[in-house]
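Work out the full structure: start from the sequences and follow the hints.
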Amino acid sequence: MIYLDNAATTKPDNAALCRAIEFARENFFNPSALYGGGICVQGEIEKARKFLLSRIAGEEFGLIFTSGGTEADNQAVFCGARRGNAVTTAGEHAAVYQSFTELKNRGVKPRFARLNRDGSVDGDDLLSLVDGETGLVSVVHVNNETGAVNDILSLAKRVKEKNPRCLFHSDGVQAFGKIPFRLSKEIDLYSVSAHKIGGLKGTGALFRRKTLALLPLILGGGQEKGLRSGTENVLGILCFAYAAEKKFSSLERDAARLETLKEWIFSALDGQIFTRISPEGGSPYLLTVSARGLRGEILQRLLEARGVIVGTGSACSSKKPFSRVIEACGYEKEVLGGVLRLSFCPETTEEEAHFAAKALNECARELSERVR
Amino acid sequence: MEKVIIIRYAEIHLKGKNRGYFEHVFSVNLERALKGLRHELHRTSGRYLLAKFDESRTDEILSRLSRVFGVHSYSVGLCTGNSMDEIYEAALAVAPAAGTFKVVTHRADKKYSMTSMEISSEIGGRLLKDRKGLKVDVHTPQHTVYLDVRENGTALAFSAFEHGAGGMPVGSSGKGLLLISGGIDSPVAGYLMAKRGMSVEFLHFHSYPYTNDSAKEKVKELAKLLSGYTLTGKLITLNVAHIQEEIHRRCAPELNVTLLRRFMFRLAEKIAEDRSAKCLITGESLGQVASQTIEGITSSNAVVSLPVLRPLIGFDKEEIIGIAKKIGTFETSVLPFEDCCTVFLPEFPATRPKLSFIEEEEGKLDVPALLEEALSSREEFLIS
Chain Z
1 MIYLDNAATT KPDNAALCRA IEFARENFFN PSALYGGGIC VQGEIEKARK
51 FLLSRIAGEE FGLIFTSGGT EADNQAVFCG ARRGNAVTTA GEHAAVYQSF
101 TELKNRGVKP RFARLNRDGS VDGDDLLSLV DGETGLVSVV HVNNETGAVN
151 DILSLAKRVK EKNPRCLFHS DGVQAFGKIP FRLSKEIDLY SVSAHKIGGL
201 KGTGALFRRK TLALLPLILG GGQEKGLRSG TENVLGILCF AYAAEKKFSS
251 LERDAARLET LKEWIFSALD GQIFTRISPE GGSPYLLTVS ARGLRGEILQ
301 RLLEARGVIV GTGSACSSKK PFSRVIEACG YEKEVLGGVL RLSFCPETTE
351 EEAHFAAKAL NECARELSER VR
Chain S
1 MEKVIIIRYA EIHLKGKNRG YFEHVFSVNL ERALKGLRHE LHRTSGRYLL
51 AKFDESRTDE ILSRLSRVFG VHSYSVGLCT GNSMDEIYEA ALAVAPAAGT
101 FKVVTHRADK KYSMTSMEIS SEIGGRLLKD RKGLKVDVHT PQHTVYLDVR
151 ENGTALAFSA FEHGAGGMPV GSSGKGLLLI SGGIDSPVAG YLMAKRGMSV
201 EFLHFHSYPY TNDSAKEKVK ELAKLLSGYT LTGKLITLNV AHIQEEIHRR
251 CAPELNVTLL RRFMFRLAEK IAEDRSAKCL ITGESLGQVA SQTIEGITSS
301 NAVVSLPVLR PLIGFDKEEI IGIAKKIGTF ETSVLPFEDC CTVFLPEFPA
351 TRPKLSFIEE EEGKLDVPAL LEEALSSREE FLIS
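One line per chain: the protein sequences are Z and S, in this order.
Counted the way the working numbering counts, the first sequence spans residues 1 to 372.
Counted the way the working numbering counts, the second sequence spans residues 1 to 384.
If you are wondering where the hints come from, they were derived from the structure by calculation, not from laboratory data.
Some clues are possibly wrong.
[To be verified] Here are the simulated DSS-like cross-link-like pairs (lysine-lysine), alpha carbons at most 30 Å apart as the crow flies: (1) 216/S - 333/Z; (2) 216/S - 201/Z; (3) 110/S - 3/S.
Below, the structure written as structure tokens:
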């Protein structure tokens, strides 16, 4: 099987998983317990926290472990936007987008900024939506459907110049451990997820500026300094940190190699059939194309039969057949229906890329022949 | 004194000489529905008594009973000896704590020393005396205590009737093959036929690679939900993707659906013959979509000789949804996975296709070869 849907989830990093299991099996104690075992587990969690923080943030940041990117995004949105209005983009992952939609039921007016054709946000439009009443701005770092990278450092700076009291959040799920960057002083909150970089599903984190008076989303025993109650997911947290160690140790090398691989795949695709959606200079981990006039999910099944797993841009729904995000990029129906997302991991090989590109061309030709 | 469930059957008592057959099927179905749950089932005249069951699982038993066709009503009650003291003890246990009430007695044992009226008045009097919150109201009581003095020296006491699923025992009216799509209507059609006593097997047409396995899983789930009523279930699937491609390639686009349905009916008839089903069942409702006009129905019927039962033909969508919700298939039916109808859907399907035009267009296809190919894609799943 050639797995090219790593933006959906990655295979857990075996070494990281084994190391985490070994620790968690022996040290099964509740991290909140006051006896030696509990303190030992808490210590390992703190090491994990410190490591993850150190990779992208300075000492002014803290980190809350959550049940995943979605929870981190929800906490940022619901605890960040309390009154007035809140601004985000039309290109957000559902975790942010749906939370913003819910804001209007909680007395906060959501505003959605337009996208450029590549899926990045139209910065001027975003800025025009920010005013003195804006409590929160949220901009996805790497668009999970097109791979477009938003310049969040510069956007955050411009937002803060216009309204210094407004909070700035970014969903960094597709960026963390994949593209090089560090959080600047204008960014307040940043969400990440473990299972996109070789960790386990069910673990994520919210980076937060320490001076920020954040509210918890989940109440209970007061874990995570009262900001996220519930006994810590020790296995998930440790596996996250161990997997991140490996990813960050070769982050720039991997990114450079995958950039070449991605461009090679695109050049090998039949230009008569495939249209490129991903921008040049976007995330090296993600290439979105459209087989014009064909249906992405049917192609996906034909590819699966050949052992190549890819993602689609369309939800499996006959009522909502197209991706909301790619539609917001301004593409016509013909392109929207045929969207396929290839996403890579550092383990993706050149041979796999060759095989996949060939299979994509052949399946697309076969399908156009069959539905002719 | 023992906790029992009294099960009364519906139309069976109207049957004449073949009543024994219906009762047999009914009791087999009850046993099947209660499989895996400890119980004893006793037949008494006109009703069944469920005893020796695990009381902590009463709700589960009742929920299963509520889906057995042929059950008119059922009551949870107490079975005791027929002495006045024993009857009173049971009546006290099922009587309400307060409010207005009356006692209704039924006496199968006509040799019993007291009449029904006398028993009611005696037990009612004792209840009034012992339970201060109670008041008698024989016209519009808030509560009724039912007593049933049986012929075998026992008596039953209970305080409520639950409505059963009604209908006839499944299996007493032959076997039909349901064309199940994954939508809202076909499961309801299957339910209604099972309600009239028909055993139902399921046939689903998929269209891989145009449809995915989630659609097939959805149909399996629907068949499983229905098997709560039909008690058995076999699901057969056939792939019609190539038929759709050929129709799309060679025939007038407005006839896409009409022609596909004719293929589906032919295939269904072949499967029905193989499975000894005596009819086809569809979820069609007149005028609901382009293919469900009288012309569309005529064109599909023209290719089969088995009867095609369409129990929903006169139902509105809203009524169908109402039943789907009641029987628990609605939530699964509306899961958004495409069934094979939507992929090659023409923009303007013909609503009143002429049979001569249909046959002319169909003439462009190698019908026997396409049927053969589709039949060779057959898969079978046992649903339980």
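Practice item. Take the C-alpha atoms of residue 216/S and residue 201/Z, compute the straight-line distance between them, and say whether it is at most 30 Å. Key: Holds, at roughly 27 Å.
Check your understanding: Quick one, are residue 110/S and residue 3/S close enough, alpha carbons at most 30 Å?
Key -> Holds, at about 25 Å.
**Study point:** Pair hint residue 216/S and residue 333/Z, alpha-carbon separation not exceeding 30 Å
**Key:** holds (27 Å)
Consistency with the previously given hints is maintained throughout, with no hint failing.
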